[in-house]
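K.L.:
Sequence:
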Amino acid sequence: MSANSKPSFDPLDMRNYSLEKFRDIKAGALMQNLKLIGVPLAILSFLFFELQWCGTIDVFEAQTKVPAAHCYSAMGIFVASLILWLTEAIPNYLTSLIVVVVVIITGVMKMRPAFAMLGEPVMILNIASFILASALVTTGLAKRISLMLVLKTKNHLTMLFLCFVALNLIFGAFISATSAKTALLLPLFMVISAIYGATGGAQRNNVGRNMVLLNLLANNVSASAFLTGSAANLLAAAMLEKAGALVTYQDWFIALFPLAVIQCLVAWWTGTRFIFRITDEEKTPKLEGGMDRLRSEYNALGKVKISEIKAGVVFILVLLLWSTGKWTGLRAEVVALAGACIVLMPSFSRLPAMGVMKWNDADIPWHMLMFSFGAYVLGGMMDQTDIVGLYVHKAFDHWNIDPQGTGKLLVFAVLSAVFALTTLISESKTARTIILFPIIIAIAQRYNWDLVGFCLPMAFMINQVYVLYFNSKPANISYLTDQYSTGDSFKYGMIQLILIWILLILWTHYIMPLMGFNSYLW
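Using the numbering used here, the letters of the sequence shown correspond one by one to residues 5 to 526.
Since the hints were derived computationally from the structure, they do not count as laboratory data.
Wrong hints could be hidden among the right ones.
Below, a list of computed lysine-lysine pairs in the PhoX-like style, where the Cα atoms sit at most 25 Å apart [claimed, not checked]: (1) K147 to K477; (2) K158 to K307; (3) K147 to K398; (4) K290 to K69; (5) K39 to K69; (6) K362 to K309; (7) K330 to K246; (8) K156 to K398; (9) K39 to K156; (10) K477 to K39; (11) K307 to K147; (12) K287 to K495.
It should be emphasised that the depicted structure is a prediction, and the values quoted were computed from it without experimental measurement.
Kindly generate the complete structure, drawing on both the sequences and the hints.
P.N.:
Here is the structure:
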């Protein structure tokens with residue numbers, strides 16, 4: 005080989021699939037134009053309501069909860085913030101900080117209540133969860149678990165698919181950043197795909213399509229299985245708590261974890277047998293030595309370290325206490341913070357260090373937390389002014405809905421379908437939750453439906469973001485593996501979205517009542 009020639013690509017080398025090897029897809033012409041007009045459009049929208057260019061809005065004038073001017077200001081802030089979040093004209097964390105400032109300046113909220121949102125229990129839970137997740141990654145325990153389970157399958161294709169489903173569900177308990185789960189598992193399932201001859205581009209096959217698309221779905225669906233699975237989950241829980249319905253980690257886990265497992269299994273079964281049927285020829289490994297490469301990666305980790313054992317013990321204890329919170333009386337936020345204290349605890353009084361990492365090792369995405377801060381302030385503003393509830397009550401006063409009959413089923417079916425389909429146009433799970441969850445809560449309150457029974461299953465649709473490449477960061481990264489086309493992704497994703505919509509309705513009506521939830525739909 006000459007000095008100037010490039011080394012050939014090795015499809016079995018895990019290092020070839022690190023995230024820095026994949027470049028983000030640039031926004032198209034439409035998105036670029038939306039970014040261009042996002043800021044001026046947001047300013048005009050805010051002024052349209054703030055200066056009452058919209059004219060008199062009857063529901064604002066008729067209510068007596070807050071001064072009418074606050075309702076106009078709140079509507080302007082709400083619309084403007086959504087425009088900025090959806091167009092991504094400026095970074096989403098900056099939009100959130102601007103929301104906090106404007107909410108205070110307009111007098112819709114006082115400074116202390118607005119700033120207090122930064123100390124909301126869900127914010128503490130978010131921070132502590134990122135610290136705990138960092139302990140799993142920093143110690144190498146997450147990588148060891150992943151490699152160990154994959155190697156146990158011994159090239160049995162069905163077991164490989166189910167192994168990755170299990171890994172996504174395990175890591176979903178702590179790793180709330182879906183892109184972090186992608187970074188952890190993508191090198192593994194890309195090597196497995198290569199073993200079966202799927203190296204992307206002209207070398208696509210149905211093993212590769214199913215492997216990447218199932219991992220993408222399981223990554224996002226596992227976020228729906230746990231209260232801590234995503235920031236949007238925590239926002240939905242915070243909104244329910246402000247409405248008077250406390251959803252504990254245990255409630256969320258009992259109601260939605262089994263459904264997440266079922267959805268992943270349905271996706272595996274329908275994907276490998278019908279949507280992209282894997283033939284007997286495709287089930288035969290094409291490249292030798294793939295498992296040996298993974299075994300060498302596993303061996304390179306060496307013997308299990310004390311730090312890994314410590315991280316594993318904390319992981320199990322925290323998960324156990326989270327899952328039994330209703331019985332122990334311990335809040336998930338306090339348990340998570342205690343766990344974070346343990347993994348960060350240094351040596352003192354000449355005693356061995358209890359912790360497994362330093363503060364600088366903790367991968368805390370502060371930009372995302374600032375985004376959440378603004379979202380909570382916006383939610384508090386909407387709760388204080390009730391601008392969503394006012395419109396919901398007005399709209400439903402004109403509709404003849406039987407709240408005890410099929411009307412509840414119809415409303416649930418329509419709202420859950422809207423929640424699902426909006427994933428096709430919005431990348432932000434938090435923005436969708438800010439828009440739709442107050443509406444869902446207001447409708448449940450309007451008809452005196454059980455808030456947890458009606459709204460909690462809706463939260464399962466928050467993280468169904470896998471249909472198109474721009475629907476989420478993991479979807480973007482997965483598309484760049486070149487294992488499938490946009491058409492493949494749309495076909496697979498839409499079928500799964502429709503299936504889970506049907507399953508959710510049946511689950512809510514027939515299964516959740518057996519778990520103690522008042523969720524009957526008819």
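K.L.:
Would you list, in rising numerical order, the hints stated earlier that this structure does not obey?
P.N.:
3, 4, 5, 8, 9
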